[in-house]
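Chemist: Here are the chains, one letter per residue:
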Amino acid sequence: MTTFLQQVVNGLSLGSIYAVFAIGCTLIFGVLNIVNLAQGAFFMVGAYLGLEIALLGLPLPLALVVALVGGGILGMASELLVFRVLRLRGGHKWMGLVASLALARLLVGIAQEVFGTAVHGYPPNPFTAIVWEIGGVRVQLLQIIVVITAVILMGILGFTLQKTSVGRAIRTVAFSEDVARIVGVEVGRTILITFFIAGALAGAAGVLLGLLFNVVSPFMGEHMLVKGLTVMILGGLGNIPGAVAGGFLLGLVEVFSVAYVSSAFRDAIGFGLIFLILLVKPTGLFSGFEERRA
Amino acid sequence: MMHARLTRLLIAATAISLAAAPALAADVKLGIVQSTSGGSAALYGTMQKNGAELAAAEINASGKLGDLKLVPVHQDDAGDRGQTVNIFQRLINQDKVTVIFGPTLTTSAFAADPIANAAKVPVIASSNTAPGVPAIGEYIFRTSAPEAAVFPGVLAYAVKRYQPKTAAQIYGIDDVLMKAAYGVHKAALDKAGIKVVATETFQKGDVDYSAQLTKIKAANPDIIVVGGLAEETANIVRQARQLGIPQSTVFLGANAAISTKLNDLAGPAAQGFLVGSGWFIDFDTPANKAFVEAYKAKYGNAPDTFAAQAHAAVTIFADAVKRAGGVSDPAKLRAAIADTKDLETVLGPFSFDKDREPVLVAKVLELKDGKFQLAQ
Numbered sequence: 001m002t003t004f005l006q007q008v009v010n011g012l013s014l015g016s017i018y019a020v021f022a023i024g025c026t027l028i029f030g031v032l033n034i035v036n037l038a039q040g041a042f043f044m045v046g047a048y049l050g051l052e053i054a055l056l057g058l059p060l061p062l063a064l065v066v067a068l069v070g071g072g073i074l075g076m077a078s079e080l081l082v083f084r085v086l087r088l089r090g091g092h093k094w095m096g097l098v099a100s101l102a103l104a105r106l107l108v109g110i111a112q113e114v115f116g117t118a119v120h121g122y123p124p125n126p127f128t129a130i131v132w133e134i135g136g137v138r139v140q141l142l143q144i145i146v147v148i149t150a151v152i153l154m155g156i157l158g159f160t161l162q163k164t165s166v167g168r169a170i171r172t173v174a175f176s177e178d179v180a181r182i183v184g185v186e187v188g189r190t191i192l193i194t195f196f197i198a199g200a201l202a203g204a205a206g207v208l209l210g211l212l213f214n215v216v217s218p219f220m221g222e223h224m225l226v227k228g229l230t231v232m233i234l235g236g237l238g239n240i241p242g243a244v245a246g247g248f249l250l251g252l253v254e255v256f257s258v259a260y261v262s263s264a265f266r267d268a269i270g271f272g273l274i275f276l277i278l279l280v281k282p283t284g285l286f287s288g289f290e291e292r293r294a
Numbered sequence: 295m296m297h298a299r300l301t302r303l304l305i306a307a308t309a310i311s312l313a314a315a316p317a318l319a320a321d322v323k324l325g326i327v328q329s330t331s332g333g334s335a336a337l338y339g340t341m342q343k344n345g346a347e348l349a350a351a352e353i354n355a356s357g358k359l360g361d362l363k364l365v366p367v368h369q370d371d372a373g374d375r376g377q378t379v380n381i382f383q384r385l386i387n388q389d390k391v392t393v394i395f396g397p398t399l400t401t402s403a404f405a406a407d408p409i410a411n412a413a414k415v416p417v418i419a420s421s422n423t424a425p426g427v428p429a430i431g432e433y434i435f436r437t438s439a440p441e442a443a444v445f446p447g448v449l450a451y452a453v454k455r456y457q458p459k460t461a462a463q464i465y466g467i468d469d470v471l472m473k474a475a476y477g478v479h480k481a482a483l484d485k486a487g488i489k490v491v492a493t494e495t496f497q498k499g500d501v502d503y504s505a506q507l508t509k510i511k512a513a514n515p516d517i518i519v520v521g522g523l524a525e526e527t528a529n530i531v532r533q534a535r536q537l538g539i540p541q542s543t544v545f546l547g548a549n550a551a552i553s554t555k556l557n558d559l560a561g562p563a564a565q566g567f568l569v570g571s572g573w574f575i576d577f578d579t580p581a582n583k584a585f586v587e588a589y590k591a592k593y594g595n596a597p598d599t600f601a602a603q604a605h606a607a608v609t610i611f612a613d614a615v616k617r618a619g620g621v622s623d624p625a626k627l628r629a630a631i632a633d634t635k636d637l638e639t640v641l642g643p644f645s646f647d648k649d650r651e652p653v654l655v656a657k658v659l660e661l662k663d664g665k666f667q668l669a670q
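Chains as they are written, first to last, in the numbering used here: chain A, 1 to 294; chain B, 295 to 670.
Isolated chain A (complex conformation):
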């Protein structure tokens, strides 16, 4: 039982990071029906930005804020330099996909040159040392902080989308760009904000993962991108509550496949889940929760 609960803790902390990253991916899909493959690179840059702040000895919340803003700015840049240009020229959606992949490779290449290819860890901080043992289950303060931060970020996003004018604009564009234009929504600006939010979430997820697992490298984003896409499909493309649930679900599934099947099948089971969902419920596991996307 102790081992089982410990695995639940392991799965939830991993899943919270998947969720934060995946809602960024799914938000863009929900609004524009495209996948931004550079999200993984924003995640990586966010982790490095946070690392640099932490190495300067500045407080961790500042590291998170810098990664949020940095990831957001990169997100906007990808819209302005890649997606918008392609849209204005009437490019096919696949072109955006390929161009965003190229952008990701570019950022990875730059990171390799600037930071080197070696893995870096965050400097020791007081949180890592604090561990509680409750009935044999070890919970780190850091895990709690990561999960709470993830939940807060998702809460802010939910509030923004549902209760603010920006959120209403985003939801309108998601429903239909034409309708949005008719009712006077500034479509270009709204899309830009969407990219900012998605990039910011990716950047934040980078800091959370870097902190929790002490691993920052130029290649970390590629791995995460695949997880993000998996979660998008699990939760239903463009479905934000679905991505939240899907993130936690994937974290738990991965951990439990190691715990009760074999560590050799960890990814096979995670990705096998995609096939299963696509066959059984192609709209995603959580498509019942919301009628409209975003």
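Check each hint, because a few of them may be wrong.
[Unchecked claim] Ranges between beta-carbon positions, derived for each pair: (1) A/Ile134 - B/Lys498: 49 to 55 Å; (2) B/Ala581 - A/Met1: 32 to 38 Å; (3) B/Asp647 - A/Ala264: 42 to 48 Å; (4) A/Ile274 - B/Ala591: 56 to 62 Å; (5) A/Val85 - B/Ser331: 52 to 58 Å; (6) A/Pro59 - B/Val367: 49 to 55 Å.
[Stated by the list, open to error] Covered stretches of chain B (in silico footprint by chain A; criterion: 3 or more residues with CB under 8 Å from a CB of chain A, positions within the stretch not fixed): (7) 405-416; (8) 483-497; (9) 528-542; (10) 550-559.
Don't read these hints as lab results, they were simulated from the structure.
Think of the CB as a built atom: it goes at the ideal place given N, C-alpha and C, for glycine as much as any other residue.
Keeping the supplied structure of chain A fixed, place chain B upon it in accordance with the hints.
Modeler: Chain B only, in chain A's frame:
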């Protein structure tokens, strides 16, 4: 008329250049194929290039080879095996090198070494540790100790000091080197009569090992053997301690885990980590002390295992040249390299076994106070 004169001139020129050739025979060209660019391979490659060039310069200065002069020709393959193949061909066919030191990566070795073997040009690798490299052919050697040459020594030390009865293993399942290391570890554990109570795997790019380690914790092993690179191993050790696997459960690692990164990333969690190596910076022999000093003086940083293994490779070659009485007969030279026996190198007394694998004393290292030190 003009043509005849031109022809005669050409013949004369050819004759002169041919006649000049023996004068250059005093130069022995050493092909050094090490990656000095191209990601993490460059870390190992640069160290080896430096170590080999240092050894060549020392041998030339010592006058040990009489009027023969070692001339290193370095080529960077950028860690790309396609380039390694091209470079091998160029070095063998155009530069006419006598020997090749390298290549940096095992995958490059499998692609390019057969070319050298067919051309009867000896290759001495100093960083390839995967099984099967010298098996490519009669002309392929290595000074880099494979896992099988060092791990049994580490385990024997752990058994003596901690008397473990059970062990857990965790290794990178998608890495050829680590899969091989797993096999070596398993065989050594079985031979020592230590029961393996849990076997877990991970994949490249994984950062979260908590699920595997929670399982290992439940199995409560006396020691944990990790088949992983330095960065992976560091995080496995760190996460294990966070999950409450006590410091008294000692970790044993693969040779590839030897890196300052292990301590950088794992910190105090890695205290007592045991690993085996063919070389060690504080290895207390006159040859090694002189090497470390000379390396620091020439390159401004401390040498690592790869630099030492490359230095030893050139030392071994020079000794073989001396015993073979020159480099004109490739078969004789090859035999002389293969016959290397208890040669004093920076790695200690060095021999080749019948499979052209290195035979040397494994040094057991312990991570103590943030530094790898000889285990006492």
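Chemist: Each hint: holds or not?
Modeler: Evaluated hints:
Range check, isoleucine 134 of chain A to lysine 498 of chain B: Cβ separation about 34 Å, and the 49 to 55 Å hint is violated. The hinted window of 32 to 38 Å between alanine 581 of chain B and methionine 1 of chain A is violated, with their beta carbons roughly 59 Å apart. Range check, aspartate 647 of chain B to alanine 264 of chain A: Cβ separation about 34 Å, and the 42 to 48 Å hint is violated. The hinted window of 56 to 62 Å between isoleucine 274 of chain A and alanine 591 of chain B holds, with their beta carbons roughly 58 Å apart.
For valine 85 of chain A paired with serine 331 of chain B, a C-beta distance near 33 Å fails the hint of 52 to 58 Å. Taking 49 to 55 Å as the suggested C-beta distance range, the pair proline 59 of chain A and valine 367 of chain B conforms, at roughly 54 Å. Check result for the region 405-416 of chain B against chain A: violated, 0 residues qualifying (beta carbon to beta carbon below 8 Å, three or more required). Restraint check on the region 483-497 of chain B versus chain A: 4 residues with Cβ-Cβ distances below 8 Å, three needed, restraint holds.
Only residues whose C-beta sits within less than 8 Å of a C-beta in chain A count toward coverage, and the region 528-542 of chain B has 7 of them, enough to reach three; the restraint holds. Coverage of the region 550-559 of chain B by chain A holds [criterion: at least 3 residues with CB-CB distance below 8 Å; count 3].
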